[in-house]
Amino acid sequence: MLSFFWRNGVETPEPLKADVTGSIPPWLQGTLLRNGPGLFSVGNTSYKHWFDGMALIHSFTFKDGDVFYKSKFLKSETYKKNIAANRIVVSEFGTMVYPDPCKNIFSKAFSYLMNAIPDFTDNNLINIIRYGEDYYASSEVNYINQIDPLTLDTLERTNYRNHIAINLATAHPHYDEEGNTYNMGTAIMNFGKPKYVIFKVPANATGNKRNPALGKVEQICSIPFRSTLYPSYFHSFGMTENYIIFVEQAFKLDILKLATAYFRDVNWGSCLKFDKDDITLIHLVSRKTGKTVSTKYYADPFVIFHHINAYEEDSHVVFDLITYQDSNLYDMFYIHNMKQDVDKFIETNKDFSRPTCQRFVLPLNIDKETPPDTNLVRLQDTTAKAVLKKDGSIYCTPDTIFEGLELPGINYKFNSKKYRYFYGTRVEWSPYPSKIAKVDIATRTHQVWIEEECYPSEPVFVASPDAVEEDDGVILSSVVSFNPQKPPFLVVLDAKSFKEIARATIDTAVHMDLHGLFIHEKKEVDLRAAGLHAENFLLIFSA
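Under my numbering, the first residue of the sequence shown is numbered 1, with each subsequent residue one higher.
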């Protein structure tokens, strides 16, 4: 039983110097900023799902070969309300909360009325994202919380609804070479016809309470739902030099169930269902014009959370995903499932779909004279197919690259470009990551780093300043152990050889996290606000 996954984390508000062994490259100067669930019980109440835990943000700052650790809970409104009440009073996706039994009947009735249309939590525990020059803790709801990347203090809460007509938004945006941020959201209630919305925040946007960075948001386009009452769930999307790729999957949100979940005594997570008899629609949207390509691209049903990368080659759009054949991954993270003994957990979950890295290829130029049932893919380095059907639609089947990997990352300088390598956590019998892997798409081979009794987090690639090859740089991963005799540490791998070159051992509790980014230093600004005496400031991301 791996109880450290759901134990309450602790804050380390002042910089704690790590014990560094090995050699950290002198060019590695900046901060790895990470986010994830870190508080699972308040008073006598506990969350039911691992993705419900209150956000605990932590950072590893690299300075002249030293590493400093820091962590703070996100001081969201959800956090404040729960702590003040000494119980969980704000519902999360896997944990529905009901009125205190001590309240009178009028208070109870008001609570039920307020939950007819959910106003979601602002417990932003999934990722750290950048809009303009500001950083935000993010999840998939209408609220984001701005944070100070140096002190980890929570600054201001921003509501997407005040700036663009969406109810939900992803925690996995894209950034172009100019620093603009692209993201997607869903407009469900109170915004006219339901639709998916793609938007952009300019690189020069920065904000304060009166004028947040989102004040400069620009809508690129909207895509109507295939089914008004059953919108597709999406956790991420793809982007090439000229296109946005949106996979409208058969994993759907039941709007009526969502609106009545509170009254039916079920959580919001139960409103997501996989329709194995449906298809997957793939939308291509021009980044320049906002128009959707008229060709209907479709595939068999699957579940997808993470895109890996996408690019254009010889009049084709190539995009790589991590897919599942069912939606059971979410259920695996209910705390009662995670509390099973390891052997029982393996037996219970052995039939669950494994994450599979797959490549899809969409042909852009289609000759009207081409006979039906012709494979239109002309690229030589993939077995992916795109078959023209009689009605002019294109049926896509993928090329399987690798099995058993999640939380993918790349050298972000190759985002939207043809690339060779991606990195991730190796998962086999369970959602618990046991290894870090590097996958070579060209040779279809992989390398792994493993430490017994340890669980690494999502690997983050940081390119060396004089990089020539795609894999010139380092991999950073926060590692925890179920063995209390093994302290947590940050591992630094040479990305090319995939060998460990350094580790920074932390003399305090470190929690298992989800996503984050690396922020490079910029000269001539004081870091004393972070408790570090240096002449640098954290500005530009690299992940």
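In case anyone wonders, no lab produced these hints; they're calculated from the structure.
Do not rely on the hints blindly, as some may be mistaken.
[As the list claims (entries may be wrong)] Calculated lysine-lysine pairs in the PhoX-like style (CA-CA distance at most 25 Å, straight line):
(1) Lys48 - Lys339
(2) Lys417 - Lys296
(3) Lys17 - Lys72
- Which of the listed hints are broken here? none
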